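Number of protein chains: 10
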Amino acid sequence: MESYEVTKKLLEAKKKKGKSFADLGNLINRDEVWVASLFYCQASASEEEAAIISSELVLDEEIVAKLTECPSKGLGPIVPTDPLVYRFYEIMQVYGMPMKAVIHEKFGDGIMSAIDFTLSVDKENDPKGDRVKITMNGKFLPYKKW
Amino acid sequence: MESYEVTKKLLEAKKKKGKSFADLGNLINRDEVWVASLFYCQASASEEEAAIISSELVLDEEIVAKLTECPSKGLGPIVPTDPLVYRFYEIMQVYGMPMKAVIHEKFGDGIMSAIDFTLSVDKENDPKGDRVKITMNGKFLPYKKW
Amino acid sequence: MESYEVTKKLLEAKKKKGKSFADLGNLINRDEVWVASLFYCQASASEEEAAIISSELVLDEEIVAKLTECPSKGLGPIVPTDPLVYRFYEIMQVYGMPMKAVIHEKFGDGIMSAIDFTLSVDKENDPKGDRVKITMNGKFLPYKKW
Amino acid sequence: MESYEVTKKLLEAKKKKGKSFADLGNLINRDEVWVASLFYCQASASEEEAAIISSELVLDEEIVAKLTECPSKGLGPIVPTDPLVYRFYEIMQVYGMPMKAVIHEKFGDGIMSAIDFTLSVDKENDPKGDRVKITMNGKFLPYKKW
Amino acid sequence: MESYEVTKKLLEAKKKKGKSFADLGNLINRDEVWVASLFYCQASASEEEAAIISSELVLDEEIVAKLTECPSKGLGPIVPTDPLVYRFYEIMQVYGMPMKAVIHEKFGDGIMSAIDFTLSVDKENDPKGDRVKITMNGKFLPYKKW
Amino acid sequence: MESYEVTKKLLEAKKKKGKSFADLGNLINRDEVWVASLFYCQASASEEEAAIISSELVLDEEIVAKLTECPSKGLGPIVPTDPLVYRFYEIMQVYGMPMKAVIHEKFGDGIMSAIDFTLSVDKENDPKGDRVKITMNGKFLPYKKW
Amino acid sequence: MESYEVTKKLLEAKKKKGKSFADLGNLINRDEVWVASLFYCQASASEEEAAIISSELVLDEEIVAKLTECPSKGLGPIVPTDPLVYRFYEIMQVYGMPMKAVIHEKFGDGIMSAIDFTLSVDKENDPKGDRVKITMNGKFLPYKKW
Amino acid sequence: MESYEVTKKLLEAKKKKGKSFADLGNLINRDEVWVASLFYCQASASEEEAAIISSELVLDEEIVAKLTECPSKGLGPIVPTDPLVYRFYEIMQVYGMPMKAVIHEKFGDGIMSAIDFTLSVDKENDPKGDRVKITMNGKFLPYKKW
Amino acid sequence: MESYEVTKKLLEAKKKKGKSFADLGNLINRDEVWVASLFYCQASASEEEAAIISSELVLDEEIVAKLTECPSKGLGPIVPTDPLVYRFYEIMQVYGMPMKAVIHEKFGDGIMSAIDFTLSVDKENDPKGDRVKITMNGKFLPYKKW
Amino acid sequence: MESYEVTKKLLEAKKKKGKSFADLGNLINRDEVWVASLFYCQASASEEEAAIISSELVLDEEIVAKLTECPSKGLGPIVPTDPLVYRFYEIMQVYGMPMKAVIHEKFGDGIMSAIDFTLSVDKENDPKGDRVKITMNGKFLPYKKW
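Residue numbers (the numbering used here), protein chains in the order written: chain A, 1 to 146; chain B, 1 to 146; chain C, 1 to 146; chain D, 1 to 146; chain E, 1 to 146; chain F, 1 to 146; chain G, 1 to 146; chain H, 1 to 146; chain I, 1 to 146; chain J, 1 to 146.
For the record, the hints were derived by calculation from the structure and aren't laboratory data.
The model shown is predicted, which means the values in this text are computed figures rather than measured ones.
Some clues are possibly wrong.
[Said to hold, decoys possible] Only pairs whose alpha carbons sit at most 30 Å apart, straight line, appear in this in silico DSS-like list of lysine-lysine: (1) Lys-133/I with Lys-133/J; (2) Lys-145/D with Lys-123/F; (3) Lys-145/J with Lys-17/A; (4) Lys-8/A with Lys-17/B; (5) Lys-133/F with Lys-145/F; (6) Lys-133/B with Lys-145/B; (7) Lys-123/E with Lys-15/E; (8) Lys-128/H with Lys-145/F.
[Stated by the list, open to error] Which bits of chain I does chain H cover? Going by a derived footprint, with three or more residues having C-beta under 8 Å, they are: (9) 13-23; (10) 34-44; (11) 139-145.
Just so you know, even glycine gets a beta-carbon here, dropped at the ideal spot from N, CA and C.
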């Protein structure tokens, strides 16, 4: 079964059961974004986590097996066409070099890890229009010299 | 004067004066990332903001004029080669669709604005290695129907 | 069911019933272009809108369900090959920077929203050859400073 | 002199004289967007038009000569990085096929000309935020059969 | 049915009946190249034309219906790999700018229409090797000023 | 001296002397399109041809030398952005495969040479709008079997 | 049947019969490389050639029919990933311009035909390691002037 | 000094002295194609070879130094636009997979080296038109197993 | 059967039997990375090696046959999206030219063979976090002069 | 001063002084590959390291300043054209997925760091031809769950 089929089956099962990503995250003590990453085959669950989700959503064995594999990661085209996803690409185009400059000023030569990393999405109520708050938190990795 | 030359001159003047982006931000009541965006010709300053920065860094008139223009935005190649900037591209590749799913679950059909938007970079001290915390905050824009 | 299959089924049902996009738009009080966007899986309908269209075109439940999802948006190749669609790409290549200059002159630094946005297509009769009139109307979003 | 240098000189002269694109358009009875197109070397002026603009902005002869040539048209990268210009690319990605469907429904097989074509930018005041209105008007060209 | 399948079915029916594109063109008073364009789903026939071709080649109703739609046009890769088709790309690479210069010298600023346009292929017998003669004929469209 | 500089100098000299490509072609018994190709460094002249043109346009020796070299051919981007040149690309996209089918029907497996090849541009007066007529004539090259 | 399926069927039949490309070439008096080109749908056989190969390999009628068509030529990605094929791309990157210089020195302005062209692959035994010898032989085509 | 400047200087010196690549090759006992490769900065000469060529063509010391460096190799665009060079790309597109099949049949799994490799260009006189003969000779490298 | 299906079947059989790549490598005296390459259709086995693996994993005949063919090599997109694979691309972007400089300093003009080549992956235990050690070993191939 | 100019100056100074990368590495207790990375502006030196190298090679102050900056990393085209560098790209194309499979088998889901990473180049003498040995050593980073 290809990854996009696994995703489709998972999303259908979730919809049928009327669960949110947060609901599922609560069952296995994980953030909703991490659960969504698992649904899109971008993360791998432990056997226990897969069993709990499978039990909740009543999944086929083949899908459960896929949840515990180390997946080939990366989705979509080089430049995303979906407007919501594109905005993150645009943010990188516009604010990427400024962020690099500020990070180097604060930390020296190195990068923010995208592996030892968490990401959360919050909703901020605002009378002028609700706001999306994205928080990324990654370990700073200084360049090793040798 | 091309944008990359403006950036170069600004960075040299800042280095010579020994100022951080935060130091300059304090003078005009702006975040350090916004100041860095201005340095990379990705944002436009008011006349007053430009004057204060010019006075602090002793800039040429031509550079000051550039700071108040509406610049052509977007930096660098389609897929960034710099490892620090690439990680943000990778985050979008890996977590873009999961974020889209979570945002739609919480907000409905629409996007996070990249214009009515702020971004900050913080340093979290951690004995296992300091961490970079990026906070993005953008207005949710629901798709208009007509 | 993939989006292109949904589109195909919808177009076939519409043809069979002999309805125009405007006919369908009248039923749900929406513009014909918005209805066409819905058919191409670029917009999401409310449950009520989906029910009315489904009833008019006698659609399968699976298709109706797709109409209310938040779709992954963006169609076709990076540079369109269809001559009609290409002309809009060409207009952007030729008049994109001039439009940017005029918009900045009139509004300052910011963009026209493509989300809080409407688009209509009108036919102007003209003895020298009928004309296509496209009207785009989007909220101006000024760049936030922080 | 390369086109981008011509553009730069023209924009500087316009800024120095404090003229808007509309001011210059009034002198030669042309729309502000067409004048901006001329500044970006995407249109060609008559000798008379070039003379009036040259006189108003005090231009070098070499620049005046460029204004009357038939330029090589098309600006910027395949996918634009500037957020304002990108939004028009996104509109084509999202609404291109729907527009095609509506135009064919109203006009039959053919295209909207991008040559026998006009484009205007208007500002609509709105208490919830001003709006940008773009009007495109192009001759419908039916496909010739032979 | 996808366009490439329509093309395949049409070519098979034509081969089975032993008809040339010119034979079919004679039936509906159209040029052989236009008929070939119809077979490759790049042009749309009237109901009458579709009926005559269908009767001659004994086609399924689904294929006949496709012949009268306004198709999404454009075939093949960005740079063609087939040597015969590539040569036209090469001609554009080598002679495109020279043609532009000559057309502007003769007609002023504008383009040759590819819509109000005909194309024919003739065989010239020559003892040193037969020659292919391609004649393109398109309306000159002057750039509108506004 | 780079090719684009040679082209620029040649076009300036031609403009100064008020000569058309046809005028220059008459002096050396060549078609105007071939002369334009020479100006764009896409063809190579004999010593005699170069001398006549040089004498007519009063050229530097360095430019004359370039006219007789075998140039690196091919101009402009992969997909042309100039609307006039793009139309030839579009013609290939839309009519390339149909032309291939007709040529094979008339000639068998092989190609039209783009080397043993001529191209002319004619103006056809027409009360409904003048027309551009392009005639391409290339030797048919059958595929060799071995 | 798509070309890649034809290729697959032909290679399987050849393997089953234990024939080399040279064995098949001997039957129809053609070089082994030409036979391989036929198998990869890059060349077209005469009716007689197709009949002999069909008889030897016991092929379906549908495959035999494909062997006599004028195929759409060109295989694989823009830059080949297979190391053996890539080396020929590399040779062109490294030695393409030098070959061009030597060919022009020896022949004047023109090209080596890839149509009136043969190609053979030979094995040279060598104690230090056998060598592959590729011989290409194409007609020189001088650029026509007109 | 950039590579393309070195090439330009070398070609000018060679032209001034009226030497062919073969003349220079004779002086250092190398093939004309290898000498052309050296001129295009795709090969590196020994100190002795560089000295002999320098003496013959009267070169600057800076250029001589470049001849003995290990250059960054690879010239020109991904898909070549020059018709002569393109034909070699086309040969790879059309005959690449057939050559791969024949080489594997004769040699097993491995490649033809493009490093332990020679290439020559010969002129074959032919009353029907002279022919270009390219001979490539590279060591077969079998894939190592480990 | 396509290569990706062969890979899938092999990985499933391996998982079912609970074997590691190293286990299988021990059976045929090959490194685990080479075995993995075989599974991904990037290397070719001898008949004996294929028989041993087939016997261990209980494979279909069709899959066994594929293991002994010379495969078309190269996997995945031009720029890899999977973070683990991307890091090797990044290493080439960052350290490619430095490695080239060091190799030339130590060996002269030439390359490291990727054919006469081995690659191993080792795990180094480290209290601060285990480390991955990749060892590549390829024959140096000096550029042949001729 | 642009990075490529810094590299050029550094390489010239190194050549003039007759130092190898290893010689310079010994002075600052760093590996030769790291020193080469510094020369190609892919790593940043401490003030002390920069001072020692500057003193050894007699460098301008502007170059010394560049050595201590956090550079924008990444060199060369998307697919490298230089044969030596390309081989590493090929290795990733051919062995990337196999390495991924082996690393996951040994370490679980995660990546090899390219930041907490070292790389060395060694020469192995071999009577059948010297060999290049590349050793990469990077910290394994397991994917964080949250």
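Outcome of the hint check:
no.	hint	in the structure
1	Lys-133/I with Lys-133/J	13 Å, holds
2	Lys-145/D with Lys-123/F	21 Å, holds
3	Lys-145/J with Lys-17/A	24 Å, holds
4	Lys-8/A with Lys-17/B	56 Å, violated
5	Lys-133/F with Lys-145/F	36 Å, violated
6	Lys-133/B with Lys-145/B	36 Å, violated
7	Lys-123/E with Lys-15/E	21 Å, holds
8	Lys-128/H with Lys-145/F	17 Å, holds
9	13-23	violated (count 0)
10	34-44	holds (count 3)
11	139-145	holds (count 5)
When the structure is compared with the earlier hints, violations turn up for hints 4, 5, 6, 9 and for no others.
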